[in-house]
Amino acid sequence: MKISDSLLGLGAIAFGVLIISLTHNFPSLEGGYPGPALFPRILGGLFILFGGILSFQSIKKHGLANLVQKGETYWPAFTNYLSVGAAVIAYMVLVEVLGFVLTAFLILTLLMKKMGVSLLKSTLIAIATSLSINLLFGKFLLVPLPWGILGW
Amino acid sequence: MSGYITHALSILADPYVLFVITLSSFYGLFIGAIPGLTATMATALLVPITFFMDPLPALAAIVTMEAMAIFSGDIPAALVRIPGTPSSAAYTQDSYELTKKGHAELALGVDLVFSVIGGLMGAVALIIAAPLLAEFAMKFTTFEYFWLATLGLSASVIVSRGSLIKGAFSLLFGLALSTVGVDITLGFPRFTFGNVELLNGINFIPAMIGLFGVSEVLRNVTGKQLAYPIARVKASKIWTGMWTLMKRYKVNLVRSGVIGTIIGILPGAGADIAAWITYAVAKKFSKEPEKFGKGHIEPLIDAGTANNSALAGAWVPALVFGIPGDSITAIVIGVLFMQGLRPGPMIFETRPEIVYAVYITFIIANLLMIPFGYLAIKFSSNMIRVPRNILMPLILMCSLVGAFAINNSLFDVGVMLVMGIIGFFMEKHDIPVAPAVLGLVLGPIVEENFMVSMIKTEWDFTQFFSRPISAVLCVLALLVWFFPVIMGFLQKGLQNSKKAS
Chain A
-14 MKISDSLLGL
-4 GAIAFGVLII
6 SLTHNFPSLE
16 GGYPGPALFP
26 RILGGLFILF
36 GGILSFQSIK
46 KHGLANLVQK
56 GETYWPAFTN
66 YLSVGAAVIA
76 YMVLVEVLGF
86 VLTAFLILTL
96 LMKKMGVSLL
106 KSTLIAIATS
116 LSINLLFGKF
126 LLVPLPWGIL
136 GW
Chain B
77 MSGYITHALS
87 ILADPYVLFV
97 ITLSSFYGLF
107 IGAIPGLTAT
117 MATALLVPIT
127 FFMDPLPALA
137 AIVTMEAMAI
147 FSGDIPAALV
157 RIPGTPSSAA
167 YTQDSYELTK
177 KGHAELALGV
187 DLVFSVIGGL
197 MGAVALIIAA
207 PLLAEFAMKF
217 TTFEYFWLAT
227 LGLSASVIVS
237 RGSLIKGAFS
247 LLFGLALSTV
257 GVDITLGFPR
267 FTFGNVELLN
277 GINFIPAMIG
287 LFGVSEVLRN
297 VTGKQLAYPI
307 ARVKASKIWT
317 GMWTLMKRYK
327 VNLVRSGVIG
337 TIIGILPGAG
347 ADIAAWITYA
357 VAKKFSKEPE
367 KFGKGHIEPL
377 IDAGTANNSA
387 LAGAWVPALV
397 FGIPGDSITA
407 IVIGVLFMQG
417 LRPGPMIFET
427 RPEIVYAVYI
437 TFIIANLLMI
447 PFGYLAIKFS
457 SNMIRVPRNI
467 LMPLILMCSL
477 VGAFAINNSL
487 FDVGVMLVMG
497 IIGFFMEKHD
507 IPVAPAVLGL
517 VLGPIVEENF
527 MVSMIKTEWD
537 FTQFFSRPIS
547 AVLCVLALLV
557 WFFPVIMGFL
567 QKGLQNSKKA
577 S
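These protein sequence lines are chains A and B, in that order.
For the first sequence, the positions run -14 to 137 when the numbering used here is used.
For the second sequence, the positions run 77 to 577 when the numbering used here is used.
Don't read these hints as lab results, they were simulated from the structure.
Computed from a predicted model, the values in this text were never measured in an experiment.
Take these hints with a grain of salt, some might be off.
Here are the simulated BS3-like cross-link-like pairs (lysine-lysine), alpha carbons at most 27 Å apart as the crow flies [said to hold, decoys possible]:
#1 A:Lys98 <-> B:Lys300
#2 B:Lys177 <-> B:Lys326
#3 B:Lys504 <-> A:Lys45
#4 B:Lys360 <-> B:Lys568
#5 B:Lys313 <-> B:Lys360
#6 B:Lys504 <-> A:Lys46
#7 B:Lys504 <-> A:Lys99
#8 B:Lys568 <-> A:Lys45
#9 A:Lys46 <-> B:Lys568
#10 B:Lys300 <-> A:Lys106
#11 B:Lys504 <-> A:Lys(-13)
#12 B:Lys310 <-> B:Lys323
Among chain A residues calculated to face chain B with C-beta under 10 Å, some are [said to hold, decoys possible]:
#13 Gly20
#14 Ser107
#15 Ala111
#16 Val128
Footprint (simulated), chain B over chain A, 3 or more residues, beta carbon under 8 Å [said to hold, decoys possible]:
#17 2 to 11
#18 70 to 84
#19 87 to 100
For every residue, glycine included, the Cβ atom is placed at its ideal position computed from N, Cα and C.
Build the full structure now, drawing on both the sequences and the hints.
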């Protein structure tokens, strides 16, 4: 899925407005000179300006048709995308509970399985990888990775 | 000076450092040869490991890795018609056509030999230019740094490929991210939404791992799996005819080495743009421009030399001013700061051994490329055939560990994921990523130097224009800003004059 340049421009305008509105309670410098708010406000203004130009150009050229281009629906691509996101979130939730080795092993096995690698191969590669990363960081670089409640 | 060189050499000769250099060579050759994985991604993933090393081996690892990766990106270009890194894209068509005609060995031989020569030319330029510029940069104050950073930011948009407005979006996004955290003038927390982790700003390394690592994983797992035939090569035959080519194309060699280095020095433009520009220049001056794109050797010589010479060029502004020449050196500047080193002219006085180590490593890396590159070509089909569905989960795991290990923070892992999704979105919508990286690095420099200058002169704007160096930089920045407008007028004028005639 792809959004059109006119929507992209409108998004940039909205982002610019958001930045500027978030700076309303920023303090000023002595003598009333702008301080922390100055730079973000300039950026917000430029977002609005360039967003406006892009939308204008795009609407002038293509009209308001095709705001969202659907593209080819390719189901495995979508589920692969989600599983990468899920893997990162699973890591954040699990790593301090289960420890690095176990978490990495689980995530790698499941992710490789999802991508179509055989279960045996996934498991073996996951074991080798999680142990060697742990060894690299823990023993070689002396940065301990989380141990987890099981102590490994 | 010779004292520093011997000091740097003695550190580099340490077995541990040599081991690091060897490992990062193989790492660079491998990542470069895998289509879809870039040298910038390789750098982002290497940083969490180098973070825990001394500065010298850390920088040596990055220099060696990037030199190797930019060469080995040429291998899949020749063998499967997919560039290993964007830097080989300009001459992929010619490389593959040569392979189809049965000249794969010639193409790869040129790729390797001219990469080495280009890399060495860049290194020599770095060694000569950096100290001279550093002496000049000692005169710079906050006004000059403001203009210099502004110039760098503007250049990064102008040279990015595709729509200028999208380049500007990317830059503004990077700058906006750089404003998160405690502000320079009053220590006021901006855009932190009460989150303590955001007080120090968005952590640079997790953001880079997201933008370059996770986004590339997302792109690879959502693309269709391609099963491509890989041409076979006889590695022992790659050296045949190289000397003759070097003699015949010596003008191309020097021209592209020089242009490549200059483009490398320009902030934001790196090896990939150097390759595209020298390809165009070569076609313009070639005696046989009609052969370009149909399996001609000249583009490989020109662009292959230029992309490697651009690498060392990019280190010039990075070391001298702390302004990155490309995305890789943008990450390097982050690494230097984390190591407690402030890039800028002072580093040439306070830690000269660091600078000499970078020089020497560039030369060592390019010489090592001859045997290692030969090995990479010999085992190329094994590298290119590594299954994507195993490699991508492994890269994701390395990204996770890397983003986490820098600060032992799970929040950083979240930053990585968000930036990965944003990077993926940007790629899909043809928004270049490099300006955002430059914005993130240079944002604080622009703002800090502007605010400090304003406060110390009590808001006297004239100082920005009245100091001599400052005024020159200002004029340059204005030229860059109005470059698209001027070019537009010129083109219109040309068209009109053509119509009239």
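Violated constraints from the hint list, given by number and in increasing order | 5
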